[in-house]
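Engineer: Chains as they are written, first to last, in the numbering used here: chain X, 85 to 449; chain E, 5 to 569.
It is worth saying that the hints were derived from the structure and are not from the lab.
Do not rely on the hints blindly, as some may be mistaken.
Claimed, not checked - Here are some chain E residues pointing at chain X (derived, C-beta under 10 angstroms):
| hint | residue |
| --- | --- |
| 1 | A146 |
| 2 | T147 |
| 3 | Q185 |
| 4 | R191 |
| 5 | R201 |
| 6 | R207 |
| 7 | V208 |
| 8 | P211 |
| 9 | A283 |
| 10 | G284 |
| 11 | L287 |
| 12 | E465 |
| 13 | A467 |
Even for Gly, the Cβ is constructed at its ideal location relative to N, Cα and C.
Residues per chain, in single letters:
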Amino acid sequence: MTADEQRVANVIELREVTRSYGDVIAVDHVSLGIKQGEFFALLGPSGSGKTTTLRILAGFERPSGGDVFIRGRRVNDVPPYRRETNLVFQQLALFPHLDVYDNVAFGLRVKRRPAAEIGDRVRRALELVELADYGRRRIHQLSGGQQQRVAIARALVNEPAVLLLDEPLGALDLKLRLQMQRELKEMQRRSGTTFVYVTHDQGEALAMADRVAVMSNGKIVQIGVPEHIYSQPATRFVADFIGDTNIISVTVLERRPDGTAVLEAPGLRFAVSTDASPGESRYVSLRLEKIRIWAAAAVQARSSAAYPAIVTDVTFFGPLTRYEVSVGDGLRLLLQTQTESEEHFRKDDRVAVSWSPSAPVVLEN
Amino acid sequence: MSSAFAFMTRRHTPLLLLPAFALTVGVFASAMALLFSYSAYTFRGGQLTEEVSFLAWQKFFTDPFYWEIVRNTIQLALGVTGVALLIGYPTAYALTKVRSGKLLVAAYIIIFSPLLVSVVVRVYGWLLLLADTGVINAALRATGLIHDPIRMIYNNTGVIIALVHILLPFMIFPILSVLLQFDNAQREAANDLGASRLQTFVRVVFPLSLPGVIAGAQIVFTLTVSAFVTPELLGGGKVQVLSRQIWSNVVDVNLPLAAVEAIVLLGLALGALTVFDLAGRSLRSMRAIGTPRPRDRSPGGGIDLVLRMVLIAVLLFMLAPLIFVIVNSFNSAAFNTFPPEGLSLRWYQFVLGYVPFREGMINSLIIAGTAILIAVPAGTLAALALVRERFVARGGLRALFLSPLVMPRVAVGIAVFILLIRLRVFGTTGSLVLVHAMLALPFCIVLLTAGLVGVNRTLEEAAMDLGAGPLRTFWQVTLPQMRAGLIVATLFTFITSFDETEASIFLVRPSNTTLPIQMFLYLEQYQNPTLAALSTLLIALTILVVVVGLRFVRGAEVARLVARR
């Protein structure tokens, strides 16, 4: 595909987009393409530039450099009210002087659609968010979850090319948030609309998105499907930000013919598949659930590659139990086990830990 | 109350409230009670008797003449409110778009400047501008647009213009405060849904600013209904409103009828307050959801040409009467002409030697100074009890203390006039001091309550922990923290007393009167630049007092106090 064909295939295309405020660079040369019908998440901590990127898409911020394309059209200079995007605001921004119906009808009315069409589309939008009977309610008479759904209906009724969502679940309590995550995913599937979803909650992004872009300091550090980002984090930042992991500082000792390399941590050697060269210092991510723990006696029998360790701390989390062990020359590793199905250990127990050669991920520097 | 400070006040709550209570009940409430009883008395053959007959009530409600006056009063108030809204809304909107901090401060000062100048000075300024030989007619004739002067005084036009000028700040301020708190996410949401700037204003911004519009209209309407000096001086007897009718009945000694009219005026004011309150309450559902994000960060939100011109025009309108008063004070001619025939300082010489003005000035300063010494301490003690203590009648007492604010000054004037006559202290300086202190007390309580809420109570506890007794703590820790409130309350009391005209005019003897009353009487008889010279001196004095007063407070503190009101 040529660059032009790519631009048409993607409903949204950002090319080298930069936004700076004086000396502060909020968005730093961001390029990405979002496909039609995709549920795309922009994930990052506060200050990472994800909300600014979203506001550039909506038209509330102008890029200082680079280009924004929506459905193949360059929109850098198009004001928000002439864009094919609609935004679900973090604070919802429902109009308090209008009822539910009038809120949802707002966009169609300012575009002067015929009355019959407005009635029809508003009714369908309210059905989509399961608020068909709530049209004449005042906004402050609704629960938080219902207000959330009105905000989504108010945006979706305009049939935007892209629906932009700015941490819309942030204000809800945990239980409602989980329920709304499922509902949002379902609404996205039913409407077939492209969603761009901004969040700082990695669980939310992994649970809902088809693809995730992880942002840090105004840059995109990794883009991919949730499974890939979780299992193959590209950088130390991604590994740390998404899920719990052990970050181990290692030195590459030697490369083997089979494509693996032997790495050395303090008092500990293990092989891993990587292209790093001997002598390099790198970080390795080792997920908690990838580490197995054994009673010291069992290791003798199995004679597989395991490392002797001492339990230094035990934390009980209900279904999971988390251990901290000291291995090698005092390297502390966290690991967790299923409370029900696995053996239990206590502080100061002598144990052994092991992991498969594919478990550690060598991170880019 | 758990604070260590409580033990100082709890036992003494009644004592703290006593001065404010005595002032409000002793002067205000008892006068209002007398007003009601006098309305039932009989006036026959030029004589007042204490025979209860309700004849005045009967006369008022059966004679179409009085109905006409009530109708005129309401019409004038509606007209002034409408014009003030049409000018005030775009002005407030334009002010929210001004980016430069210095420009904004200058605009605020200009808009609020008329409030610092006596109503008589402002009316005099409008006479200079609007008279047949005044600035506007002279300018129009010079350009050849008209041949005969346009009549703008001694009819409704001049009265409306001058009242709008005086009351415009009261319209602008509430609208401005609503617009400044406006949740910018609402504006962005409308934009995002396809609404242009105009559509966003019509469909979202304006409906959501209605609470400010109603609050502004409420104040302007109520104050216009009670206005006396402006219709009296600029109406030239042609603008018949209730307040003027009260004045002429007092002059005729027909106190029962004047009392009935004052009560009707009071009823009009309270009725208007209630109607606007109900309208405001129906908008309660418009309260914002979530946390508003008021700052406008969006690009292109600057001030555009139309708004800029509106703002400049309004600022000129606010300044014009004051400017021409100052210009005219150097006029060498003995009557008000424009442009001045020559320059001269002779009016200043005359003013400084004119005994009634000098005596009025001394009287006014003595009265204002003494009123401050009564109202500010009484207000401080009452605020202390109202903020720090929980007692049964707290809400009721607060309402009682604030009630003189909503009473038309003319009605207060006649009521207190009757009281002073009964007590045989009419015309004494002491009686004026008490009345002015009573009128200023509500401002003091509002400002000092706001000031006290901002006091850090941990500091009081720290002082007590270090061994300071309750009185020492109050004196050395609490009072210094209330400094801004105390200074602003002192300024307010000074201005309230020094400019007080509409109630005082009932309460002075010709031999013992205040400066604004002297100016009022002078203006009714003569129209030469003497008053311009005096007004210029007063404007300079006011600027001096405010500048010196505000040197002791930071701008941020004043803003906080005013915002709380």
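Engineer: Look at each hint and say if it fits the structure.
Structural biologist: Going down the list of hints, with the structure as the test:
1. A146: It is violated, given that the least Cβ distance between A146 of chain E and chain X is near 48 angstroms, above 10 angstroms.
2. T147: violated, 44 angstroms
3. Q185: Status violated, d = 13 angstroms.
4. R191: OK, holds: R191 of chain E within 10 angstroms of chain X, min 9 angstroms.
5. R201: holds, 8 angstroms
6. R207: holds, 7 angstroms
7. V208: holds, 6 angstroms
8. P211: Holds - the Cβ of P211 of chain E comes within 10 angstroms of chain X, reaching about 5 angstroms at its closest.
9. A283: violated, 14 angstroms
10. G284: Since chain X brings no Cβ nearer than about 14 angstroms to G284 of chain E, farther than 10 angstroms, the hint is violated.
11. L287: This hint holds: L287 of chain E lies near chain X, its Cβ roughly 8 angstroms from the closest one there, short of 10 angstroms.
12. E465: violated, 36 angstroms
13. A467: violated, 41 angstroms
This entry does not satisfy hints 1, 2, 3, 9, 10, 12, 13, going by the numbered hints stated previously.
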